[in-house]
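**Student:** Here's the letter readout for the chains.
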Amino acid sequence: MIVSVNWLKKFTTIDATLADLVDLIGSRLVEIEEVIDIGAKYKDAVIVHVVTCEKLEGSDHLNVTKIDDGQVVEGVERDENGHIQVVCGAPNARAGMRAVWLPPKSTVPSSFDTNEPFVLDSRKLRGVMSHGMLASATELALYDDHTGILDIADDVPAGASFAQLYELDDHLLDIENKSLTHRPDCFGIIGFAREVAAIQGKGFTTPEWLRDLQPHSDGSYPLAPLKVTIDDADLSARYQAVVISDITPQASPLLVQTYLARVGMRPVNAVVDMTNYLMLLTGQPLHAFDYDKVRAIAGDDFTIHVRAGKPDEKLLLLDGREITLTAEDIVIAANDIPLALAGAMGGAATEIDETTTTIIIESATFNLFRLRTTQMRHGIFSEAITRFTKGQSPEQTAPVLMSAISLLEQWSHSRQASAVADMYPGKRDLPTITIPVSRINAVLGTHDATLPMQATLENVEFSVQVDVHEEGSDSLTVTPPYWRSDIHIPEDVIEEIGRINAYDDIEPSMPSRKFEAITVGSFDALKSRVRTRLVRAGANELLTYSFVHGDLLTAAGQNPQDSYRIINSISPDLQYYRQTITPSLLAQVHPNVKNGYESFGLFEINKVHRKSLELNDEDVPVEVSQLGFVYVDAKRTNGRAYYVAKKYVEYLLAEFGINARYEMLSADSASALTVPFEHRRSALIRDIASGQLLGVVGEYTRQSQKSFKLPGFAAGFEIDMEQLRMVAGKANSVAYKPQSRYPGTSRDICFKVGENVQYQQVSDAVEAAVAGASLDVSVEPIDIYQAEAATTKNITVRISMVAHDRTLTGNEANDLMNEVSSAVIATTDATIV
Amino acid sequence: MQTDLHELQQVLLGRIGESVTPRDVLRAPEFKELYAKIPSLPPEERGAMGREINQLKQAVEAAIDRREAELEEHDIQQIDVTAPWEPGDAMPQLLSTEQGTQHPLTKELDRVIDIFTRMGFQAIESRQIDDDFHMFGALNFPENHPARDGYDTFRTEEGFIPPAHTSTMQYRILSEGKEKLEAGGQIAAVSYGRVFRNEDVDATHEHTFYQCEGVFVSETASLSQMLGTLRSFFEAYYGQKLAVKTQPGYFPFTEPSLEFMIEKPAAIGGKPGEWLEMLGCGMIHPNVLKTAGIDPEVYRGFAWGGGIERLVMLKYGIEDLRHFESGKLQFLRNFS
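Chains as they are written, first to last, in my numbering: chain A, 2 to 834; chain B, 267 to 602.
It is possible that part of the hints are untrue.
Listed below are several chain B residues computed to face chain A (Cβ distance under 7 Å; list not exhaustive) [what the hints assert, rightly or not]:
no., residue
1, Ile304
2, Ala349
3, Pro412
4, Asp468
5, Ala469
6, His471
7, Thr474
8, Asn600
Everything labelled a hint here was simulated from the structure, so no lab data went into it. Built from N, CA and C at the ideal position, the CB exists for glycine as well.
When you get a sec, could you build the whole thing from the sequences and use the hints?
**Tutor:** What follows is the structure, encoded as structure tokens:
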């Protein structure tokens, strides 16, 4: 929203400098995004009288004019009468007109802020000297008009400054509307000026006409009042309408036009300009219908209905679009024929045009919640609906309508032709709010006295009654003015006082706290440890979107049906909630390989969602936090990536003291977690101590490899963080054993086993055999060997042992090794090599 | 002719199903014969014939792809998933510690949460899918209220909402803290996490970003305490004294509502008079307390919320929001 400082000054004095004003508004009312100085553009523009205007010989459209600038501009060539010669191509140039002249060396306003400012000079056109130019509204950067130069109807003296006369020595404030969502009054200049007065500590008096709430319908009118019905009181709190006759296609006063233009509204004619002008002043939009067109459609005897739209009902709007109405929309209908989309846009069939002589002016308010759905459904973001959806007070429709009647009388000699019809089913009493001064101070953390609070509220025209009790417990009884439809509860009043007197003047303090130790949440602590651990192992944490394309799911073998689907996404890439982390990680592999990274590990900890996880006891979907990891080595051609990923799992779990078992994945495992993984090269990760399943580790299916363009050496894992948290909480992360003072010994032993015997079977047998020994024994793998096409493999392990009370003898070691051998032979049918 | 083609297709598909080199079927003599027939046809039939042969060829190629994938899958040998490495190999190595990095957003979030934890705030992670009640209803946003416009929320088929602010946790924090409050305690919590807005992405707009939100409720909470708490946080975060100022704002779930600004700290290249908008804040609206079962006549609170990306961008001079979720090592490896 654009606010003109000069317009504000018509309603309140501003003592502060512009910079201070901007600071003051910023800290006590609303954020100003930008301040635009438009005065600079117009500083050289001069009002002139065109004295003569003659055709330029040899040109079909150029005229040679002599202009009178009151001789205010220096250094320009003049004729014997002191007039200046300007060649002008505008079809409306004529002797006797008043126009705006841009002298040589001045910059054309429309080019002022552009990369190529156009600076005028004196030069010959078709051999005739021309000084500067006579300007059109377009060239003056007011509004687009290609019919000719600006033709000033007002009786203004030659040589006057255009900027001063039309108050264009102005600054515009570009306001961030969002924080005024609750302030209908601030969407009018008068309301904004009231605030500007108050934040300067000044009182404000609303103009008399805006405080006069009674519709005047005295005397007799040629037409009977319009028949108006609000079919459902929920649709409209108030609907007023009046007929005005003797409308002419007259322009509004130029000063009004320049005000409309500077805040971005194009002047059209007296009627349209009047509705816009009053809306900008007060926040109350008006709408004008062509009375004769309404009669032509609905017959002479019509009733205006404010009603809900009917399904499948069609309406052709002013902007040429035909919309289909719904029961949520509010329409203005004549009898049963829809004329306009209430609050949003008029209908094409009753639009006013050059032939219009009689109009209906509507001044009303509509249910803002319905208007908002209308706005969204039909994509209408006009100045009018922006103001309606802030909740304008229905009281205001009356004074604004009376002002509309009188402005049209002044501007185009139109006449009120009927009494005002007024339906007001939504009349409400203004609220009365009583609030102790002590509470105001307590909420704000201030120590202010009663009187300044009262003065602050009275400056914005609240009526305030002070009830003085014993020391410190005064209370204020407050009634807001009618335009403050946002004031209902004590907090609304507290906000007014705090804001107008500046939040920044409140001394910051610290809450006094009950002293208590805060434990970091176990889940946060876990995430932090996982991150640190994986980063230490050279992995890179990344973050990817929670929403994915359906193709990503199917590429990973997941079923999109199990994903929550986003229905209003801007992009197909954000169609579905992801089911696991792995597919998102796989999608990041190829781009990084392409960028020259050969071996890397990527991981992400984030939430995932699947419909099959169902809802929790709050009736919202269950969320699961998962850790995904992928390792690739684009250069490596031998070996199995599975074992690297498994190594990462072991390294990670060691942080929490977790020992896991790796179980073969079944071929028909169809869970979202496991489907991206190739079952013959993947395993389930199970915590040995608790038996809890933690996740999956492995290489990816051929389909995933191909779809994600993965290098041949790629594997990863995905772990459920909640399961990990439960298991991690129980385990002691370090299994410390006291050191022995005596030397130990170690022996390597090699078992030849069938190729289908798992390493785990061998190591389990070894572990079982050494478990009973009174020694500290540790077992580690040394070598695994399988000859090409052999059906057996050799597994070599190293067994290290030490006693705490003596030096171990060779015999003791041999005995233990014998036990180990026989245990392994018994369980795996091994031979000792 | 058509039935001929159909029969031929069956024959070829059968051959593919049995072959271990299914691609050879493309060179079958039957194709050559078919193409050879085209010139002998009347000109008006040639086009249709060509199209039919192409369809046949496409069907055959698709069958070959399937068969090849099947053969490839079939070739995969079961490995010993319990072994430490593959036969003939050695213990796999982890990557070098030097190339490991934490994401700058989670790193900064850790730091923010750490400061609030030390100030006595409990941290909880925000949800990534929620309902209208938690996202709007419980926060004093009536249905169709224009204040909802600012949020551009996504929706799922079922009407769930990917939350557009971490305030989606506020009702939960308040209703869970009620008991503690009524036992004479206070509610002090921060919620953090991912939020979503239905926006086109560019250097300064993202549909996915991170926020951190705080809530404090006691019998004596005041706007002055809110200003003090926030200033104290930013002073700890930037390690220096800071000037702060505010701007009136509007959020349905707080009243009064403010925007909180700090003078840009020297540590990140600030000069006096340069202000940074850091977050939105305000006194919790009595309707929000009431909805959570807390008596607004007895208790008051303040709340605030702001984005994490902005802190990180200011800290490192990151120019483009899109880097954060790009997954590019080029970007990530800067933050070791």
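**Student:** Next step is simple, just say for each hint if it's right about the structure.
**Tutor:** These are the hints, each one checked on the structure:
1. Hint status for B:Ile304 relative to chain A: violated, with the closest Cβ pair at about 35 Å, above 7 Å.
2. Hint status for B:Ala349 relative to chain A: holds, with the closest Cβ pair at about 4 Å, below 7 Å.
3. Annotation: B:Pro412 was flagged as interfacial toward chain A, and the flag holds, the nearest CB pair being 5 Å apart, inside 7 Å.
4. The beta carbon of B:Asp468 is not positioned within 7 Å of any beta carbon in chain A (closest approach about 12 Å), and the interface hint is therefore violated.
5. Taking 7 Å as the C-beta contact cut-off toward chain A, the hint placing B:Ala469 at the interface is violated, the least distance being around 17 Å.
6. Because the closest C-beta pair between B:His471 and chain A is about 11 Å apart, greater than 7 Å, the hint is violated.
7. Nearest Cβ of chain A to the Cβ of B:Thr474: about 5 Å, under the 7 Å cut. The hint holds.
8. Nearest Cβ of chain A to the Cβ of B:Asn600: about 11 Å, over the 7 Å cut. The hint is violated.
Comparing the model with each numbered hint stated earlier shows that hints 1, 4, 5, 6 and 8 do not hold.
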